Amino acid sequence: MSYNAPVADISFTLKQIVGLSEELQKDRFGDLSDDLVDAIIEEAGKFAGEEIAPLNRVGDTVGAKFADGKVTMPEGWSRVYDAWAEAGWASVAGPVDYGGQGLPQTLAMATLEMWNSASMAFALGPTLTSGAIEAIDAHASDELKDIYLAKLVSGEWMATMNLTEPQAGSDLNALRARAERAGDGTYRIFGQKIFISYGEHDLTDNIIHLVLARLPDAPAGTRGISLFLVPKFLVNEDGSIGARNDAVCASVEHKLGIHSSPTCTMIYGDNGGAIGWLVGEENRGLACMFTMMNNARLAVGIQGVALAEGAFQKALTFAEERRQGRALGATEPGMSAIVDHPDVRRNLLIMKSFTRAARAICYACAHATDMAEATDGDDKKYWQERANLITPIAKAFSTDIGFEVSALGVMVHGGMGYVEETGAAQYLRDARIAAIYEGTNGIQAIDLVNRKLPQSGGEAVRAYIAELRAIVDEVKATNHSDFGIIGERLSDAFDNLTDTTEWMLTALGEGRIGDALAGATPYLRIFGLASGGAYLAKGALASARAASGSAAETARIHVARFFAETLVGETAGLARAVKDSSQSVLAADAALLSN
39 MSYNAPVADI SFTLKQIVGL SEELQKDRFG DLSDDLVDAI IEEAGKFAGE EIAPLNRVGD
99 TVGAKFADGK VTMPEGWSRV YDAWAEAGWA SVAGPVDYGG QGLPQTLAMA TLEMWNSASM
159 AFALGPTLTS GAIEAIDAHA SDELKDIYLA KLVSGEWMAT MNLTEPQAGS DLNALRARAE
219 RAGDGTYRIF GQKIFISYGE HDLTDNIIHL VLARLPDAPA GTRGISLFLV PKFLVNEDGS
279 IGARNDAVCA SVEHKLGIHS SPTCTMIYGD NGGAIGWLVG EENRGLACMF TMMNNARLAV
339 GIQGVALAEG AFQKALTFAE ERRQGRALGA TEPGMSAIVD HPDVRRNLLI MKSFTRAARA
399 ICYACAHATD MAEATDGDDK KYWQERANLI TPIAKAFSTD IGFEVSALGV MVHGGMGYVE
459 ETGAAQYLRD ARIAAIYEGT NGIQAIDLVN RKLPQSGGEA VRAYIAELRA IVDEVKATNH
519 SDFGIIGERL SDAFDNLTDT TEWMLTALGE GRIGDALAGA TPYLRIFGLA SGGAYLAKGA
579 LASARAASGS AAETARIHVA RFFAETLVGE TAGLARAVKD SSQSVLAADA ALLSN
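In case it helps, the working numbering puts the sequence shown at residues 39 to 633.
In short, the hints are calculated from the structure, not lab data. Just so it is clear, the structure is predicted and the values come from calculations on it, not from any experiment. Treat each hint with caution, since some may be false.
Unchecked claim - Heads up, simulated EDC-like pairs for lysine to aspartate or glutamate below, C-alpha to C-alpha not over 16 Å straight-line:
1. 108 with 284
2. 183 with 276
3. 53 with 73
4. 617 with 548
5. 514 with 423
6. 53 with 65
7. 103 with 240
8. 189 with 243
9. 490 with 423
10. 617 with 537
11. 53 with 72
12. 189 with 320
13. 189 with 124
14. 53 with 591
15. 189 with 175
16. 617 with 533
17. 418 with 61
18. 514 with 526
19. 108 with 240
20. 514 with 530
21. 189 with 135
22. 514 with 533
23. 108 with 291
24. 490 with 540
25. 617 with 526
26. 183 with 275
27. 189 with 172
28. 108 with 243
29. 183 with 172
30. 103 with 113
31. 183 with 135
32. 189 with 276
33. 183 with 194
Please construct the entire structure, taking both the sequences and the accompanying hints into account.
Laid out in structure tokens, this is it:
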């Protein structure tokens with residue numbers, strides 16, 4: 039089975055759950071309309087299913103090949119990438135002044151989901167380029183923008199993000215890559231960077247590296263990091279490709295998954311120094327890079343949604359075709375399709391409901407980003423704090439879900455899921471990295487608790503919880519026979535979320551940082567379950583109001599009910615873990631763990 043983009047649910051989530059239709063009616067995004075949104079999603083889904091998805095298997099089995107400092111992508115990748123860029127998909131959210139379409143991030147993330155479901159390895163390059171475009175557009179000089187942005191926005195060139203070094207993973211204080219002023223406005227970059235996705239490849243004529251490095255007189259720590267634009271090839275005054283820069287790929291990692299995404303070790307400056315240009319101000323590079331990283335963190339959350347969707351589709355098709363045993367109440371002779379067995383149905387419902395909940399969280403984060411861009415004053419502050427708050431939840435919860443759903447997909451396949459030829463295992467292997475890169479999910483939980491909850495003295499998170507609880511209250515007041523006990527179960531979940539949020543804020547206020555950090559990961563999980571359940575409930579309310587009796591409406595109500603009645607109960611145990619486990623966590627030093 040090839041990937042079939044869930045265009046109807048993507049459109050419904052954007053319009054009815056996230057609220058895009060309401061903003062379109064206010065002409066918030068220019069000429070963009072409901073019909074145009076549907077047309078874009080439909081065409082993106084078609085391209086993802088017909089052009090990108092067939093690359094996924096060959097990409098996994100053949101992978102990116104490295105020899106003599108060059109990376110060769112699998113057969114067919116260059117053709118599809120060129121077609122993708124020529125169709126305008128690279129420029130969906132790009133700045134209009136440099137050839138972009140300037141469409142909302144919510145729509146860009148919807149298309150990104152489809153590219154990732156079709157092939158996560160293919161989508162990684164364009165994902166990094168999008169983040170680089172944002173960083174350059176926000177922080178670079180007009181001269182750099184004029185040279186590089188149009189080429190990046192069109193997809194003619196790609197870009198990378200260079201943070202990690204052998205001794206410096208998540209701790210950027212330990213960065214050693216150095217930069218020296220050349221005296222002519224340029225810099226010379228020296229050092230090694232590892233785990234650089236798409237650091238070398240043959241899809242585009244040039245690759246633009248954004249590299250973090252230190253100047254000789256920089257202060258210690260992260261306050262002494264600067265950001266530099268370092269092209270693979272220098273650019274002539276007429277915009278044509280010039281001489282090769284002193285930036286080379288030394289090796290490509292052999293990874294568990296995403297085999298056709300070249301993960302490179304990059305060496306800068308072995309032959310006199312790689313020529314680079316400062317982006318932003320000296321020693322202020324981390325602020326510039328975070329523009330790119332925040333985009334990347336949401337995009338990685340989308341990867342979790344995308345892989346969950348792909349794994350679910352494959353598992354459902356297999357369950358409908360695979361015949362084994364006799365189902366309860368079976369009337370036809372012979373074995374039954376395994377989709378008729380209750381435990382298989384339970385697994386498929388978990389997969390479907392988790393995927394839809396994570397999709398809504400990620401799209402809500404993108405919507406908050408769009409609203410922060412489209413408003414000013416107090417409204418801008420409100421929406422920016424909302425985007426800040428949801429980003430770590432979108433990244434961590436969704437990528438956890440991507441891996442859990444992919445694991446269930448293997449389970450639904452049974453023994454055949456453990457056989458590579460079925461393709462179920464690839465989703466599991468590809469999904470594992472998403473919880474690790476762009477800040478591990480533990481770091482996301484720490485960021486949520488330490489930096490995002492205290493926004494506006496805690497009022498930002500309280501306002502968000504109140505908004506979601508209002509959805510739950512509406513469900514409880516709705517006398518709909520198919521809703522079951524959605525309202526009651528979600529109300530319990532929000533009691534747990536409210537209780538642990540206040541506990542976290544109190545702990546932070548009292549300086550009990552260790553207690554807060556010890557419970558950060560289960561707290562983020564509570565937030566994901568409660569908010570995901572509320573968004574599914576909002577979809578159920580919209581479906582009940584429409585009352586057309588369609589299969590899609592029935593399914594949305596049923597999925598929301600299953601999620602509330604089966605999955606959000608976990609928040610009770612998680613709440614106890616948040617508040618009661620800090621002593622045992624903090625006491626488990628290396629000596630204790632080794633005995």
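Here's how the hints hold up against the structure:
1. 108 with 284: holds (14 Å)
2. 183 with 276: Measuring from Cα to Cα gives roughly 15 Å; hence the hint holds.
3. 53 with 73: Measuring from Cα to Cα gives roughly 11 Å; hence the hint holds.
4. 617 with 548: holds (15 Å)
5. 514 with 423: violated (29 Å)
6. 53 with 65: holds (14 Å)
7. 103 with 240: Roughly 11 Å between the alpha carbons, so the hint for residue 103 and residue 240 holds.
8. 189 with 243: holds (10 Å)
9. 490 with 423: holds (8 Å)
10. 617 with 537: holds (10 Å)
11. 53 with 72: holds (8 Å)
12. 189 with 320: Violated, at about 25 Å.
13. 189 with 124: Measuring from Cα to Cα gives roughly 12 Å; hence the hint holds.
14. 53 with 591: Since the Cα atoms of residue 53 and residue 591 sit roughly 15 Å apart, the hinted pair holds (cutoff 16 Å).
15. 189 with 175: Cα-Cα ~13 Å, so holds.
16. 617 with 533: OK: residue 617 and residue 533 at ~14 Å, within 16 Å.
17. 418 with 61: Holds. Residue 418 to residue 61 sits at ~15 Å (cutoff 16 Å).
18. 514 with 526: Holds, because 7 Å separates the two Cα atoms, which is no more than 16 Å.
19. 108 with 240: Within the cut-off at roughly 8 Å; holds.
20. 514 with 530: With a Cα-Cα distance of about 12 Å, the restraint between residue 514 and residue 530 holds, given a limit of 16 Å.
21. 189 with 135: holds (12 Å)
22. 514 with 533: holds (14 Å)
23. 108 with 291: holds (13 Å)
24. 490 with 540: Holds, at about 13 Å.
25. 617 with 526: Roughly 23 Å separates the two Cα atoms, so the pair is violated.
26. 183 with 275: Holds, because 14 Å separates the two Cα atoms, which is no more than 16 Å.
27. 189 with 172: Holds, at roughly 14 Å.
28. 108 with 243: Holds, at roughly 13 Å.
29. 183 with 172: holds (11 Å)
30. 103 with 113: holds (11 Å)
31. 183 with 135: Holds, at about 10 Å.
32. 189 with 276: holds (13 Å)
33. 183 with 194: Distance ~15 Å between residue 183 and residue 194 Cα, so the pair holds.
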